[in-house]
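So the protein sequences, as listed, match chains V and U. The numbering of the first sequence is my numbering, which starts it at 1 and goes up by one. The numbering of the second sequence is my numbering, which starts it at 1 and goes up by one.
Source of the hints: derived by calculation from the structure; they are not laboratory data. For clarity, every value in this text was computed on a predicted model and none was experimentally measured. Positions of the beta carbon are idealized from the N, C-alpha and C atoms, including for glycine. There's no promise every hint is true.
Cβ pair distances, simulated, as ranges [stated by the list, open to error]: (1) U:296 / V:264: 37 to 47 Å; (2) V:127 / U:311: 49 to 59 Å; (3) V:292 / U:148: 39 to 49 Å; (4) U:306 / V:238: 54 to 64 Å; (5) U:324 / V:238: 42 to 52 Å; (6) U:90 / V:295: 52 to 62 Å; (7) V:264 / U:40: 38 to 48 Å; (8) U:104 / V:262: 52 to 62 Å; (9) U:296 / V:97: 53 to 63 Å; (10) U:28 / V:297: 26 to 36 Å; (11) V:127 / U:307: 29 to 39 Å; (12) V:262 / U:40: 23 to 33 Å; (13) V:59 / U:148: 49 to 59 Å; (14) V:182 / U:270: 23 to 33 Å.
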Amino acid sequence: MNTDLYEKLFEEGCISNESLGRIRNKRQNPLFSLHWELKTLLYLGVMLLSTGLGILIYKNIDTIGHQVIIAAIAAISGSCFFYCFKHKKPFSKTRVTVSSSWFDYILLLACLSFLSFLGYLQFQYTIFGTAYGLATFIPMIVLFYVAYAFDHLGILSMAITNLGVWLGLSISPMSLLSTIWGDDNLILTGLFLGFFLMALAFLSDRNQFKPHFWFTYMHFATHLTFISILAGYFYNYDRPGSILWLFITFVAGYYAYTDAMKHKSFYFLMLVALYAYISVSALLIRVMLLNENIASFYLCFIYFICSAIGMIRVLKYLNKKVKTS
Amino acid sequence: MIIFNKDWLVNENIQEQVERARNLGEVTRDEFEQVKLRYPVGFYTPNLFIRIGLFLLTLVIAAFSGGLISLIMMDSRMLESPAYLFFLGIITYFALEFMVREKKHFRSGVDDALIWTSAGLILTGMLWSSDSILNAYGDLAVSGFVFLLATYYTLRFADVLMAITSILALVFLVFFGWQRTGIYPLQTMPFLIIILTAVLYLVSDRAREHPAFVYYKNCLQVASLVALLVCYAAGNYFVVREIGTELVEERLTPDSEIPLAWFFWAWTFIVPIAYIAWGIKRKDQLLLRSGMILVAVAAFTLRNYYHVMSAEALLSILGAGLLAFAYGVIRYLNTPKHGFTSAELSDSSMIDNIQIESLIVAETMSAPDLPDQGRLGGGAFGGGGASGDF
Numbered sequence: 001m002n003t004d005l006y007e008k009l010f011e012e013g014c015i016s017n018e019s020l021g022r023i024r025n026k027r028q029n030p031l032f033s034l035h036w037e038l039k040t041l042l043y044l045g046v047m048l049l050s051t052g053l054g055i056l057i058y059k060n061i062d063t064i065g066h067q068v069i070i071a072a073i074a075a076i077s078g079s080c081f082f083y084c085f086k087h088k089k090p091f092s093k094t095r096v097t098v099s100s101s102w103f104d105y106i107l108l109l110a111c112l113s114f115l116s117f118l119g120y121l122q123f124q125y126t127i128f129g130t131a132y133g134l135a136t137f138i139p140m141i142v143l144f145y146v147a148y149a150f151d152h153l154g155i156l157s158m159a160i161t162n163l164g165v166w167l168g169l170s171i172s173p174m175s176l177l178s179t180i181w182g183d184d185n186l187i188l189t190g191l192f193l194g195f196f197l198m199a200l201a202f203l204s205d206r207n208q209f210k211p212h213f214w215f216t217y218m219h220f221a222t223h224l225t226f227i228s229i230l231a232g233y234f235y236n237y238d239r240p241g242s243i244l245w246l247f248i249t250f251v252a253g254y255y256a257y258t259d260a261m262k263h264k265s266f267y268f269l270m271l272v273a274l275y276a277y278i279s280v281s282a283l284l285i286r287v288m289l290l291n292e293n294i295a296s297f298y299l300c301f302i303y304f305i306c307s308a309i310g311m312i313r314v315l316k317y318l319n320k321k322v323k324t325s
Numbered sequence: 001m002i003i004f005n006k007d008w009l010v011n012e013n014i015q016e017q018v019e020r021a022r023n024l025g026e027v028t029r030d031e032f033e034q035v036k037l038r039y040p041v042g043f044y045t046p047n048l049f050i051r052i053g054l055f056l057l058t059l060v061i062a063a064f065s066g067g068l069i070s071l072i073m074m075d076s077r078m079l080e081s082p083a084y085l086f087f088l089g090i091i092t093y094f095a096l097e098f099m100v101r102e103k104k105h106f107r108s109g110v111d112d113a114l115i116w117t118s119a120g121l122i123l124t125g126m127l128w129s130s131d132s133i134l135n136a137y138g139d140l141a142v143s144g145f146v147f148l149l150a151t152y153y154t155l156r157f158a159d160v161l162m163a164i165t166s167i168l169a170l171v172f173l174v175f176f177g178w179q180r181t182g183i184y185p186l187q188t189m190p191f192l193i194i195i196l197t198a199v200l201y202l203v204s205d206r207a208r209e210h211p212a213f214v215y216y217k218n219c220l221q222v223a224s225l226v227a228l229l230v231c232y233a234a235g236n237y238f239v240v241r242e243i244g245t246e247l248v249e250e251r252l253t254p255d256s257e258i259p260l261a262w263f264f265w266a267w268t269f270i271v272p273i274a275y276i277a278w279g280i281k282r283k284d285q286l287l288l289r290s291g292m293i294l295v296a297v298a299a300f301t302l303r304n305y306y307h308v309m310s311a312e313a314l315l316s317i318l319g320a321g322l323l324a325f326a327y328g329v330i331r332y333l334n335t336p337k338h339g340f341t342s343a344e345l346s347d348s349s350m351i352d353n354i355q356i357e358s359l360i361v362a363e364t365m366s367a368p369d370l371p372d373q374g375r376l377g378g379g380a381f382g383g384g385g386a387s388g389d390f
């Protein structure tokens with residue numbers, strides 16, 4: 001790497017002599033970081049190992065090697081947890097940074113193999129009896145505890161997903177819509193879980209108790225709430241009260257908007273803007289198509305063109321506002 | 001040729017480098033601001049999320065505008081001719097030129113959406129209107145059209161995805177061309193593609209640091225990546241065998257062997273390792289990462305033909321092996337050696353602190369589901385799990 005650019009910048013007075021020296025020094029002995037490569041290897045390792053073991057147990061049920069595999073999984077989980085607790089940093093209400101990504105992934109492996117182990121025990125011996133709620137409730141508690149104790153965002157996401165499973169919802173972001181569609185109870189559950197997660201996000205932030213968990217909570221909360229609302233509206237389209245669903249959008253949307261502005265988050269701004277746009281459009285199109293003739297068709301097309309241009313302006317405006325505030 | 005203001009592109013490149021230096025702690029914040037003042041960039045380039053939003057909205061506008069025009073012209077016979085698509089494509093293209101030239105959009109989502117819409121419409125129009133050529137030359141004509149169009153867009157808008165499309169279309173063009181005209185096309189094809197992509201890689205790799213091509217830096221980078229991957233694929237045992245079978249239109253029995261099998265097996269395994277070794281030697285991230293991906297591809301190729309053990313046992317052993325290997329490297333590089341370190345150098349986090357890693361974990365990892373059970377109205381469980389039903 002050459003330092004021509006910086007020499008030039010120095011001559012033009014943009015950077016100080018000190019900085020130039022620092023850059024020259026570094027370019028002479030460049031350091032190449034393998035951080036992301038190693039992280040990817042760790043991620044793949046944990047994923048392959050836990051998947052492989054998870055399948056191995058069920059394939060070999062009723063054979064002799066079976067007990068060995070179970071013992072191995074218990075041993076992996078136990079020793080990983082032991083390692084993590086031994087090297088655990090003291091609990092703090094704010095962010096705790098771990099020294100290496102190795103630690104993070106060992107903790108992840110510990111949790112995943114623990115879940116496999118519990119799942120197996122329930123399958124084979126029904127240790128939680130037929131109270132299925134308990135069988136998902138206990139892993140969830142453990143995951144939340146680990147997430148807070150070790151300050152691990154990945155495990156927090158898993159815990160939130162597990163909370164959904166306990167309530168009968170699959171809230172892994174991609175499969176949400178297909179699960180709740182067509183079931184009023186599930187839609188309502190999704191909506192309330194969304195509100196609940198929003199509340200958790202709000203509390204983490206306000207009490208400064210793990211404030212960086214705000215993002216993860218809010219991420220699940222936003223998608224869950226808005227998708228539930230839209231599913232609720234479209235599923236009940238022909239019932240008289242269906243429009244009420246859309247009014248919830250505005251309440252939730254307003255809160256999410258102020259929250260995003262407060263945290264200067266482009267991600268949530270974009271989400272709120274797009275979800276709100278879909279809701280408003282759904283409502284207006286319905287009004288426009290009340291009498292079905294060709295003119296109202298034209299009107300819809302024109303509406304979409306103009307409103308999308310308007311939304312582009314809104315997004316650009318919001319972008320500017322967040323940047324300057 | 002390029003539509004953007006060239007000074008701004010150069011300035012953008014400078015800002016980018018200094019920003020990287022700032023993230024590494026080499027220059028201070030004030031110095032970075034100084035550089036920004038001295039080398040201004042006038043483009044409208046919002047951050048990634050706004051870009052996605054603008055992209056989607058522009059697609060909505062394009063789709064409904066096209067729909068509206070079609071509604072108005074529904075009674076004329078225009079709609080049935082390919083010229084109509086062409087016409088829509090040209091309108092979109094002018095909109096694109098206008099947004100970029102007058103409104104200074106640069107990677108804003110608006111230009112991305114218009115690039116793809118106009119290219120798609122023009123291509124469809126072209127193909128539709130040239131039925132007779134298509135019948136005679138088929139694949140060759142399609143890849144030729146795509147290549148010309150994508151190359152034009154790449155040169156004009158320096159778009160990364162268009163650059164990828166262009167390179168791939170070129171490979172297909174050579175492939176189909178050689179298939180029709182070459183001498184022993186079947187036997188020589190892998191070698192021809194290997195040589196072609198190797199040359200492409202070397203050229204674009206050289207060019208990417210060259211000041212003359214500073215506007216196309218990103219395009220050249222992805223071009224060299226695509227060339228590396230295709231170069232490997234062209235000699236991969238699986239690819240050669242399957243495509244060869246397609247070309248001669250006869251089924252190989254599992255026992256029969258392709259000619260020069262030893263060479264392709266060697267290529268399958270040696271090339272990924274060579275990429276990694278070369279990447280480490282040159283400290284080149286692109287080579288290193290492609291090598292890592294290709295090792296996995298090589299493993300899958302082997303497994304496709306030789307079933308040494310069950311898939312799940314293989315997964316477990318591989319997983320454990322990877323963990324052990326990563327641990328070894330982390331320990332070894334605890335203090336940086338030979339200019340390598342396992343620590344993260346730059347303190348720049350992703351924009352918005354969006355925690356990609358944790359979301360990937362949530363999406364791809366969860367414990368095996370328990371057998372079906374009902375709760376709260378009896379919805380079926382999805383779990384989004386790694387396993388399946390047992």
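Which constraints among the numbered hints does this structure fail? Numbers only, ascending. 2, 5, 6, 7, 8, 9, 10, 14
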